[in-house]
Structure formats: structure tokens, C-alpha cells
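*Asks:* Taking the hints into account, I'd like the entire structure generated from these sequences.
Chains as they are written, first to last, in my numbering: chain A, 442 to 740; chain B, 2 to 218.
Keep in mind that a hint or two might mislead.
Once the Cα atoms are required to be at most 16 Å apart in a straight line, the calculated EDC-like pairs of lysine to aspartate or glutamate come out as [unchecked claim]:
id: 1; chain 1: A; residue 1: K538; chain 2: A; residue 2: E558
id: 2; chain 1: B; residue 1: K90; chain 2: A; residue 2: E645
id: 3; chain 1: B; residue 1: K71; chain 2: A; residue 2: E739
id: 4; chain 1: B; residue 1: K90; chain 2: A; residue 2: D642
id: 5; chain 1: B; residue 1: K90; chain 2: A; residue 2: E643
Derived CB-CB ranges, DEER-like [to be verified]:
id: 6; chain 1: A; residue 1: A444; chain 2: B; residue 2: R20; range: 38 to 46 Å
id: 7; chain 1: A; residue 1: A444; chain 2: B; residue 2: L129; range: 28 to 36 Å
id: 8; chain 1: B; residue 1: F24; chain 2: A; residue 2: M635; range: 42 to 50 Å
id: 9; chain 1: A; residue 1: T639; chain 2: B; residue 2: V52; range: 17 to 25 Å
id: 10; chain 1: B; residue 1: E198; chain 2: A; residue 2: A444; range: 42 to 50 Å
Simulated from the structure, these hints should not be mistaken for lab results. Quick caveat: nothing in here was measured; it's all calculated off a predicted structure. Just so it is clear, CB atoms sit at the ideal spot from N, CA and C, and this is done for glycine as well.
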Amino acid sequence: MSAIRLRAIALRNAFKQLGRMPLSSLLNTLVIGIAVSFPLGLYTLLINLEGLLGQLPQQNQITLFLKPGADATDLKQVQKLLQNQPELAGFKLIDRKQALETMKQTSVGSILEALPENPLPDAFTLMPKSIEPTELQHLVAVMQSWPQVESIQHDSDWAKRLAALLAFGEQLTWLLAVALGAALLVIVGNAIRMQVLTRRDEIEVSKLIGATNSFIRRPFAYFGLLQGALGAALGVVCVTVALHFIGPNVNQVAALYASSFALHLPAIPALLGVVATTALLCWIGALLAVNRHLRELEQ
Amino acid sequence: MIHFSQVIKRYAGGYEALRNISFEIGDGEMVLLSGHSGAGKSTLLNLIAGVERPTSGTVLVNGQNVSALKRGAIPYLRRNIGLIFQDHKLLFDRSVMENVRLPLDIAGYSNADAQKRARAALDRVGLLSREKLNPVHLSGGEQQRLCIARAIVHRPSILLADEPTGNLDHAYAEDIMDLFESFNQVGVTILLSTHDEGFLKQRPHRILRLNKGTLSQ
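*Replies:* Below, the structure is given as C-alpha cells:
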């Protein structure tokens with residue numbers, strides 16, 4: 442009972458402290474918020490791009506376009522050639538009528554309808570057996586030499602590049618998070634140092650009348666925890682506001698590409714994780730600082 | 002209750018504040034500690050409360066060897082001692098009531114219990130009507146009484162007072178001494194230091210005289 446009560450008193454003191462120095466604690470909370478919003482913003486961008494990557498053909502898919510003027514015989518010849526390719530696991534014809542129908546359902550459909558004739562070529566989607574780049578290159582080179590073929594698009598190429606870029610972005614996010622996490626320790630440590638100095642008398646008197654070190658430490662640690670949680674929440678708000686402003690533009694760009702892609706915040710558990718981690722870091726920073734300064738006061 | 006045996010306190014630089022001090026204060030006794038300033042009175046009180054440690058010798062308080070006490074056990078020793086300071090050591094960022102409650106909050110008393118006990122202590126020193134004030138608005142004598150209320154609020158068995166009458170005029174000092182005697186009458190062991198010998202002679206208590214770190218009874 443008394444143990445709970447002691448913690449309640451410490452929490453109350455921490456809140457009081459938060460209210461007592463509105464400007465400096467507000468500024469500190471703001472700094473924490475900004476420090477959190479950088480990696481969180483980058484992370485948000487990454488998960489959105491990853492989501493976009495998920496919509497892309499994950500398989501190692503190759504698209505083969507026939508020349509615009511190709512007729513039914515050309516189509517048959519290519520079909521036969523494809524059947525004879527041992528490197529292929531399968532293929533599928535997307536004829537120009539079918540392609541037009543699909544396209545009409547998207548936002549560019551109206552433009553297509555305005556055109557006098559179907560501008561789309563016949564195409565095949567190919568599923569190669571191997572994903573080995575050199576083998577694929579060989580296969581692409583062979584098919585490129587066929588007279589009926591206009592172009593070959595290896596869809597996974599830029600998806601791979603994007604994936605590599607995302608992996609790099611992820612590393613960057615972690616690096617940023619670690620660096621700013623260390624900065625958080627310093628920021629909170631400094632704030633606590635100022636508090637310990639301004640509350641020197643209170644600490645000294647409390648110790649003289651029987652306060653344990655943990656009694657003295659607790660409000661500072663809770664203060665750090667609260668400030669960290671508040672700061673992180675502010676960081677989440679910053680990112681949300683940024684998304685709110687960027688969102689419409691991204692939607693517009695996505696609409697131009699006939700995609701329904703829209704920016705969204707990380708999931709709630711991830712956001713809670715960010716808040717909890719920041720609070721924990723700030724708690725540790727506060728404990729480290731108060732321990733160091735208590736030792737100074739003891740001398 | 003308090004037992005000093007061949008206690009020496011030497012500070013860095015070789016200065017000896019206490020030289021081979023031995024004495025005993027019994028349970029429920031009221032003892033006055035006299036000596037000019039710099040005689041070692043504060044050092045002696047600090048050794049009892051575990052604020053400082055002796056260079057050699059033993060300090061027993063309530064049967065506990067303070068000189069050998071672990072750092073973590075010191076707070077619990079102090080909860081059985083009421084400390085009264087010449088400079089009061091009040092906290093001016095909170096009310097009279099909150100100042101008195103501090104030892105109870107530290108010990109984890111419930112809110113209602115703490116409030117009740119703090120009121121009783123304030124009443125005891127005649128400051129109940131001032132509980133909501135900031136101690137800044139109290140006179141020197143009242144601040145000293147507030148410091149006393151804070152020292153007795155958790156009912157310690159020992160009171161250590163370092164020059165409690167030092168800054169007060171004679172009438173106030175008499176008041177404070179009467180207050181201490183009333184605590185002593187209910188069984189509290191009291192050790193009270195002062196540099197004012199003339200003032201002590203009127204009181205019927207044992208006097209320990211410190212002179213340059215040595216003791217004469």
C-alpha cells in the first residue's frame with residue numbers, strides 16, 4: 442500500500458514539475474517531438490513505399506510486346522516460338538482487345554475511348570523458370586531477335602531497384618533513430634540536471650529527514666518518462682500533420698498513374714511502440730542524470 | 002540511546018573536529034551541548050544522524066552502529082530522529098502544511114493520516130492557523146517552530162537540535178526551550194546545542210561542554 446502511495450506521490454510531483462516550468466518543459470517536449478518525427482517520418486515514407494512495392498508484380502515476370510502492326514499469323518508464330526523455349530515455365534497472351542478493355546476501366550479509359558483505333562499492341566506475359574539474371578538476360582536477348590517483337594519489359598528490374606533503395610532507406614531510418622535516441626538521452630539528461638540543481642534544497646532536506654535515494658530519484662525518472670511520452674506523441678502529431686499536407690499531392694500524382702495509392706500512418710501498435718520506446722529512453726536518460734547529480738550532492 | 006566511544010573526526014587536511022569523544026545519553030534524557038562556534042557541536046550532531054561518519058571510534062544510536070551502517074540504511078535511521086536546524090532548512094516553494102508533511106510523505110503515510118498528523122504537529126507549535134501560508138511570510142521564531150513541527154511530526158524517539166535558539170531574541174528562545182522540555186516530558190530523548198552558556202544555566206539539564214573538539218562534562 443505504502444509502496445503504491447510512494448509512487449503515486451512521485452507521479453504527482455512529476456506532473457507538478459511538468460506544470461511548474463511550462464516554457465522550458467514545453468520547449469524540451471518540442472525538441473523531443475522533432476527528434477522523434479524525423480525517423481518516424483522516414484519510416485512512414487518507407488512503409489508506404491513498401492506497400493506500393495507489394496502491389497507490384499512480385500514474380501519474376503517478363504512482358505513481351507509485339508509490333509503494332511502484327512497480325513494473327515505473327516501472333517501464332519510467336520506463340521510457337523515461346524512454346525519451344527525451355528527456359529519458360531509458362532506464358533499468357535494478353536490480346537490488344539482485352540488490354541483495351543482493362544485499360545478502359547482505369548482513369549485513362551476516357552482518353553482511349555476518344556482515339557479512333559486501339560493503340561495497344563498484343564502482348565505476352567512470360568513466367569521464366571529461373572530468376573538468375575544472366576539466364577534471364579540470355580532469354581531476353583533471344584526473344585529480342587525475333588522479327589515480330591517490338592520490345593521486352595522485364596518488370597522486376599525496377600522493382601528490384603526500388604527494393605534495394607528501400608533496404609537502404611530502412612538502414613538510414615535505423616541509423617537516424619539510434620543517433621536521435623542518443624540525442625534524446627542528452628536532451629533529457631540536461632533537463633533533469635537543471636531540475637536537480639534548482640531543487641537542490643528540496644533534495645538536501647528530504648535526504649536529511651529520511652528520504653531514500655529511490656524516493657528522490659522517482660519523480661525525476663517519472664518526469665523523464667512523461668516528457669518522453671508527450672514528446673513522442675507530439676512527434677506522431679507532427680508526422681500526421683505532414684501527411685495531411687503531403688497527402689492530397691501524393692493522391693493527385695497517384696491518380697495520374699491510375700493508382701489508388703494513398704499515404705497512411707504506421708499502424709497503431711507501431712506508433713505505440715515509438716511512444717513507449719521514447720518514454721523508456723527518456724526515463725533512462727533521467728535516471729542516469731539524477732544518479733550522477735545525487736552522487737555529486739552527497740559529496 | 003546515544004553512545005559515543007572514543008570518537009575521532011578528522012577532516013581532509015588534518016583538521017580534527019572531534020578528539021576522542023566518549024559519552025552516553027540515556028533513553029528519555031534531555032542533554033544540552035555547549036561550546037563556542039567551531040567547537041565541533043554540529044559535527045557531533047551530524048555523526049549521530051549519519052550525515053557524517055567518524056574517522057575512528059563507534060557511534061551507537063538505538064543500539065545501531067551508525068559508523069558501520071550501510072548507505073542504504075541511513076534513511077531509515079533518520080526516520081527515527083527529528084532534526085532541527087539553525088537555518089531551519091524550510092522549503093519556500095510550498096506551504097507550511099506541505100513542509101510539515103514532508104517526512105510523512107517520505108515514509109509513505111496515507112493522505113488522510115498525514116494531514117491529521119501534520120495538523121497535530123502544527124497545533125503543538127502554535128502554527129495551525131498558518132498552515133496555508135508560505136513559510137516566507139513567517140517570522141524567524143515561527144520559522145523555527147515550523148522546523149520543529151516538521152521534526153516531531155513522525156514522532157521520532159530522538160530530537161537533535163543544532164542551535165535552535167541561535168537567531169532568536171530571548172523571549173522567543175525561552176518559548177522554544179519550553180517546547181523542547183514538553184517533548185522531553187513525554188519521553189523524547191533530546192540533544193540540543195547552543196553557544197549561549199548563560200542561557201543554559203537556568204535550565205536543570207545535563208550539559209556536555211565541547212572545547213576545541215574535546216569534551217568536559
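*Asks:* If a hint holds in the structure, say so; if it does not, say that too.
*Replies:* Right, here's what the structure says about each hint:
{"no.": "1", "hint": "A:K538 x A:E558", "verdict": "11 Å, holds"}
{"no.": "2", "hint": "B:K90 x A:E645", "verdict": "9 Å, holds"}
{"no.": "3", "hint": "B:K71 x A:E739", "verdict": "14 Å, holds"}
{"no.": "4", "hint": "B:K90 x A:D642", "verdict": "8 Å, holds"}
{"no.": "5", "hint": "B:K90 x A:E643", "verdict": "9 Å, holds"}
{"no.": "6", "hint": "A:A444 x B:R20: 38 to 46 Å", "verdict": "44 Å, holds"}
{"no.": "7", "hint": "A:A444 x B:L129: 28 to 36 Å", "verdict": "31 Å, holds"}
{"no.": "8", "hint": "B:F24 x A:M635: 42 to 50 Å", "verdict": "45 Å, holds"}
{"no.": "9", "hint": "A:T639 x B:V52: 17 to 25 Å", "verdict": "23 Å, holds"}
{"no.": "10", "hint": "B:E198 x A:A444: 42 to 50 Å", "verdict": "48 Å, holds"}
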